[in-house]
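Protein chains: 2
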Amino acid sequence: MASMDVKLSHGAGAKEMWEFIQKYIVSKVPRNLWKTVNGYGLDVLDDGAVIKIGDNYIVISIDSYTVNPIFFKGGNIGELAVSGTLNDLVMMGAKPIAFMDTIVVEEGFPTKDLEIIIESMVKILREEGIPLIGGDFKVMPKGSIDRVVITGVGIGLASKPIIDVMINENDAIIVTGPIAEHGAVIMAHQLGMENEIKDLQSDTKPLTRTVLPVIEKFKEYIHAARDPTRGGLAATLYEWVLKSDLTIIIDRNKIPIRDSVRYFLDALGIDPLNMASEGIGVLAVEPSIADDIVEELRKVGETHAAIIGRVIKVNNPLLRGKVIAITEVGGKVIVEPRSVNLPRIC
Amino acid sequence: MASMDVKLSHGAGAKEMWEFIQKYIVSKVPRNLWKTVNGYGLDVLDDGAVIKIGDNYIVISIDSYTVNPIFFKGGNIGELAVSGTLNDLVMMGAKPIAFMDTIVVEEGFPTKDLEIIIESMVKILREEGIPLIGGDFKVMPKGSIDRVVITGVGIGLASKPIIDVMINENDAIIVTGPIAEHGAVIMAHQLGMENEIKDLQSDTKPLTRTVLPVIEKFKEYIHAARDPTRGGLAATLYEWVLKSDLTIIIDRNKIPIRDSVRYFLDALGIDPLNMASEGIGVLAVEPSIADDIVEELRKVGETHAAIIGRVIKVNNPLLRGKVIAITEVGGKVIVEPRSVNLPRIC
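Taken in sequence, the protein lines are chains G and P.
If you want this note's numbering, it's the 1-based position in the first sequence plus 146.
If you want this note's numbering, it's the 1-based position in the second sequence plus 146.
Pulled out of the complex, with its shape left as it was, chain G reads as follows:
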């Protein structure tokens, strides 16, 4: 067979990406090696890796940010890099203790833009009380990189990290806020429609002071946690059922979503379930405690937090390992994790 080229869908967060990463990266890494670290690594493919050192679990998350445009409604690439990296730690149940980054910038990039980006990164870190402890800075010649790419590394501590292989039958599925806002805003920019979404903003924000305390308080009842970025809510739920062979059923009527986001995406024929968020989390929790968790989330300011579905066990092999949605009119359909044609979303 002829050699294949990398496609945009291989980086889009959905099924094609997971298959590509499995084939070209994960399958090449010897299992016995990554088990020499006392913790969790590529075997769980979670938001971050975990290393046990003494009595401490160190959690480390890493992501490269290539978002286009670099300044968007509600944020910029620097805020996104810090928030996204910290949120991965939060979703592992870890308290961020330090941040590192690399900035790769194009020759000719205006230093005033660099200053705005760095100052907004530092602003978030200062507000969250997290030190920037190191990094790297590279310049590529004009034409060899489009503006700037930032890589964020978050270092956190957890008494007991949340590893997503653990979802259980009957778990309630909670989202902490309205979905699809970041994806909708980036799509509007890329289509030149940013003036038509006046009241719409990316939800980019760190969850360190809202969702993290709730996760810490209810940790023993939370079986999985994820921030639904690339691939959106559909991709997150799909990863969970694939790992567990259970089924998740969600109710579209219960999923928080702003009207402006819904109308904008409807007009384009795009399902909000496939669109990225950068300031919310999805949790799979003990059903008995789900209402308490939602109440606590609303108390800390996540006023749209809601139970949107649950984990079930089905016998029908066609529905096992799937995500099912109850539609607005009460029918049931299988949700597919689709790659929306939206490069450089994060």
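Calculated from the structure, these hints are not laboratory results.
Model, not experiment: these values are computed from the prediction.
Each hint should be verified, as a subset may be incorrect.
Unchecked claim - Dumping the calculated DSS-like pairs for lysine-lysine here, alpha-carbon to alpha-carbon at most 27 Å:
| no. | chain 1 | residue 1 | chain 2 | residue 2 |
| --- | --- | --- | --- | --- |
| 1 | P | Lys288 | G | Lys169 |
| 2 | P | Lys241 | G | Lys198 |
| 3 | P | Lys181 | G | Lys306 |
Start from chain G and add chain P according to the hints.
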């Protein structure tokens, strides 16, 4: 004053880069914040950051690799990313325990090239017994990134990390191998002269099994350690004297360098002191033990290891905080850390 644009020299590893990073990044980070971490961060600007957790020092290094070409004589961008990242840990006196990466690739990049790169990364990690515990994979549309950029993160443990603020008067300066090989090879490729350097290869390699055991054995006598990458030996020594206000005097006749590298760079009028290496270390050590360290380095296979100079205290303010070289004919000149016009060297 009009806003400035980022220049290639701002990423080239020498004086312009340090001034740029100081002005646009380090100065913006509040000092009180990074001191909340028990360890060392941007205050030391060393090869990596250090976090003390319990009785353990966790050392974390991060670098983005933008090398052009991505396949070069003696290595490729993947081998470079792993070796360079691990060597930063070695130079902090830390034993690598895990590796993470992000790969940002251009749409249309051949998967066979991606496989070669990933397999050579995994090969080194397997040989060194270091697990790849996590990462990120992004695809950018054609034209928005030239081929591939890889970010490496190394996680290591040290009983007592080597922080480079510690060089002392009379310290001996040791290099563990011949200098300037990586820089010379990349320059040859970029000038289309790679066929004229038949016997020349990049020195890209991990120092985990050669230099690290020696550093561990003699740790209490080693005051500073650095791998002289961007900016070469001159930039490394210059950073040390700037931090200490001492002076370093080196003897050009004692610096190991292959004839092929010397001839190639001489023909171009380039000083090998300004050219990057990717498989050697520079150490500042107690003078009484310097010969023993060199002997041990030669025993483990670093047969060109040599004492090349020493740290002195001078009264002349023009020579304080400078690097002085004894020339081939016995004269003395001040070495300047020059940015060679060589983008994407690592």
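Now for the hints, and whether the structure bears them out:
1. P:Lys288 <-> G:Lys169: Holds: Lys288 (chain P) and Lys169 (chain G) sit about 22 Å apart, inside 27 Å.
2. P:Lys241 <-> G:Lys198: holds, 16 Å
3. P:Lys181 <-> G:Lys306: Between Lys181 (chain P) and Lys306 (chain G) the Cα gap is close to 26 Å, so the pair holds against 27 Å.
Checked against the numbered hints above, the structure breaks none of them.
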